[in-house]
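Chains as they are written, first to last, in our numbering: chain U, 354 to 750; chain S, 354 to 750.
Hints listed in this document are in silico derivations from the structure and should not be mistaken for laboratory results. Do not rely on the hints blindly, as some may be mistaken.
Just so you know, same-sequence chains aren't split out, so a pair can sit in one copy or run between any two.
Unchecked claim - Straight-line Cα separation of at most 20 Å, EDC-like style, residue types lysine to aspartate or glutamate; simulated pairs:
no.	residue 1	residue 2
1	Lys399	Glu683
2	Lys375	Asp663
3	Lys411	Glu683
4	Lys399	Glu604
Number of protein chains: 2
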Amino acid sequence: MTTPSHQFPKGFTGSTASAAIKKPGRQDMALIVCEDGATAAGMFTKNLVCAAPLQLSKRHLIESRGHASAILINSGCANAATGTEGLSRAIDCVDAVARSLDIAPESVLVNSTGVIGVQLPIERMLPQIPGLVASLKGGDLLPVAQAIMTTDTYHKTAQVTVEHEGRTAIVSGMAKGAGMIHPDMSPPQATMISVLMTDAEVDAASLQRMLQNAVDQSFHRISIDGDTSTNDSVFALASGKAGAFPHAKVEQAFKQVAKELALLVVRDGEGFERGIEVKVTSARSNDEALKVAQTIAMSLLVRCAVTGGDPNWGRILAAAGRSGVPLRVEDLHLSVGGVDLFRDGAPSTTPLAERERVFRQPLVEIRLDLGQGHASDEFFSCGLTTEYVKLNADYTT
Amino acid sequence: MTTPSHQFPKGFTGSTASAAIKKPGRQDMALIVCEDGATAAGMFTKNLVCAAPLQLSKRHLIESRGHASAILINSGCANAATGTEGLSRAIDCVDAVARSLDIAPESVLVNSTGVIGVQLPIERMLPQIPGLVASLKGGDLLPVAQAIMTTDTYHKTAQVTVEHEGRTAIVSGMAKGAGMIHPDMSPPQATMISVLMTDAEVDAASLQRMLQNAVDQSFHRISIDGDTSTNDSVFALASGKAGAFPHAKVEQAFKQVAKELALLVVRDGEGFERGIEVKVTSARSNDEALKVAQTIAMSLLVRCAVTGGDPNWGRILAAAGRSGVPLRVEDLHLSVGGVDLFRDGAPSTTPLAERERVFRQPLVEIRLDLGQGHASDEFFSCGLTTEYVKLNADYTT
Chain U
354 MTTPSHQFPK GFTGSTASAA IKKPGRQDMA LIVCEDGATA AGMFTKNLVC AAPLQLSKRH
414 LIESRGHASA ILINSGCANA ATGTEGLSRA IDCVDAVARS LDIAPESVLV NSTGVIGVQL
474 PIERMLPQIP GLVASLKGGD LLPVAQAIMT TDTYHKTAQV TVEHEGRTAI VSGMAKGAGM
534 IHPDMSPPQA TMISVLMTDA EVDAASLQRM LQNAVDQSFH RISIDGDTST NDSVFALASG
594 KAGAFPHAKV EQAFKQVAKE LALLVVRDGE GFERGIEVKV TSARSNDEAL KVAQTIAMSL
654 LVRCAVTGGD PNWGRILAAA GRSGVPLRVE DLHLSVGGVD LFRDGAPSTT PLAERERVFR
714 QPLVEIRLDL GQGHASDEFF SCGLTTEYVK LNADYTT
Chain S
354 MTTPSHQFPK GFTGSTASAA IKKPGRQDMA LIVCEDGATA AGMFTKNLVC AAPLQLSKRH
414 LIESRGHASA ILINSGCANA ATGTEGLSRA IDCVDAVARS LDIAPESVLV NSTGVIGVQL
474 PIERMLPQIP GLVASLKGGD LLPVAQAIMT TDTYHKTAQV TVEHEGRTAI VSGMAKGAGM
534 IHPDMSPPQA TMISVLMTDA EVDAASLQRM LQNAVDQSFH RISIDGDTST NDSVFALASG
594 KAGAFPHAKV EQAFKQVAKE LALLVVRDGE GFERGIEVKV TSARSNDEAL KVAQTIAMSL
654 LVRCAVTGGD PNWGRILAAA GRSGVPLRVE DLHLSVGGVD LFRDGAPSTT PLAERERVFR
714 QPLVEIRLDL GQGHASDEFF SCGLTTEYVK LNADYTT
């Protein structure tokens, strides 16, 4: 899968380096810089085993009151469950970036992704930092998006243009998957990491609100394995270089970029063969609609049936029935790919061939109407495959 | 795997028949009868998509005030999500059993296991019922335990003797797995079904209490896929033929039989290669200990690591961290198979070979001490395998 070329917004530059963190020979460090400073916002995993770099980044965002000039990300090592030594190594990295750029340490954000419980090889990382700073350049996001990949099979970038009175700004971003994906802001190991950037002018408080809203409708609506990472984070930076724009337009662009990136993450879920899109309608509340949609999308048996292209729709109803949301079987209307499967308390008479066809699409579209109210929500996942199991049965060794 | 020969308690008989419900050529109907009647208790799935036979059995237990003379179970078809037609077919089966035994319909309990959303082939089942009644006999549980199997690779029976003042009674039981296993009382499809029997005399209210306590410490502590079935049930029957015994002794026997059966179900989980036992200690409450233990035992990434014998213990901490239970990383002490992995906020220095060894045992014993209080609990599951995915990717078709 290829994604089109996307760009850094005005004011941003990036670079990558190879520190042989897990294995030699690949770019595994990325630096993003906003030379004149940016307003900054962040969303962090709710996992209580929170990685050292995220503890540090949270502190920096508070101390700087929502401002940052640089983000350092590495793959190959999560620096989670590494104790005070892990925190100290994250601080060493931040200090090295701050020194090289001649900025305050609290204007540097940092995150890591990779194996949990292993210390960062700073003896190989710190010598790379002057080179990272020296090779910063604007333009294409591709090299930086590639350097943050772990088990991803393609890089993930997105971009939307905001127009107002003849002027334009862009919101662009990058993300990584592809396992330990269940952002709350949250899941563990391959971890979801995303950076969103704009050259529109946005104050720090508004940027944080925009980011939260965007994340809630995107990364919080996907799961690959239900395992919320110790390292999930989404950062947003605004350089202001393109001037002021109506906040509603900028927020809409953030939402669109975040949604595109989230769907790219699902489509690259470890062992991906087929996607699942669950929309639940006529619920009493959005929370209940989301709970039912998420339970269906994450059911192992539903996910196995999707992998096999097996129209075993009873598993979908069974998942709804155990979701914890009050519902009456007689009120349910289930369709997949537009084909009725269950309605008025009884299975439909749709021919087997037709049922098989809709379960064998690249994206299996599950629609469940609860027949109760007017709220709706959606959730995205993918079939569970033997390849996912193989990948994760032998990850560290 | 073989289990030793176990017997019906005094007063109980059983028989099996072949009705070609899903496929021809195997015993797929089982009848258990207590000719002189028994006190009866039941636990049923909390799944709101509750199968027709369970709706009927619940009603019968209430109408009969906890008495029953017969239990009819079929495999190959769950009779769930089958509407009023499904309920009517379950009633036809019950009525046929009642007529053949000359008893009231409300003293017949019934359950089904197999595919959801398909109607029972009663045209093939009803003609078998007179033969089932004619061939009832006591003794070995084996044939009946085999007839309720679906994807199980071995039958599951257990038996414990209760002694008091020179007299004996037995508690014996049977169960089936092996997928859609997450009793609450609950999971969907292969479904967990269990029947416990004793010849001790136990009033209906006490029997229900004993059953609940036994189920809570056994079937409610296991999961194979997190998918609570539409058809899970555990029935307990007491014939009274062996006279009265201290309730504490009988309850202890029920607990022991239920625990043995539950562990047999896990060890036969679909695609089973390696078991997982999680014990969480020093929690503030049993509920919190259970929540952490269950989150670890059900984490896809932990389960994949166990399959691969990969000592990726960071996934265990990450699962604990997302369990929703407040905890501090510095307080955690994690060991697997007696080998320290994380303590005092930092990874241990246990050599890799030693860590690999404990992750490659037939049962991977995970111990997490939360360092908070005095409560503890446990949960059992198994590694997630490619075989599980293959089995469930192609179940109906």
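Quick rundown of the hints versus the structure:
1. Proximity of Lys399 and Glu683 under a CA criterion of 20 Å is satisfied inter-copy only: 17 Å between copies versus 37 Å inside one chain copy.
2. Taking the shortest Cα distances, Lys375 and Asp663 sit within 20 Å of each other only across copies (16 Å), while inside one copy they are farther apart (39 Å).
3. Proximity of Lys411 to Glu683 under the C-alpha cut-off of 20 Å is restricted to the inter-copy arrangement: shortest distance 19 Å between copies versus 48 Å within a copy.
4. In this homomeric assembly, Lys399 and Glu604 never come within 20 Å of each other (Cα to Cα): the closest approach is 23 Å inside a single copy and 42 Å across copies.
When held up to the earlier numbered hints, the structure conflicts with hint 4 and nothing else.
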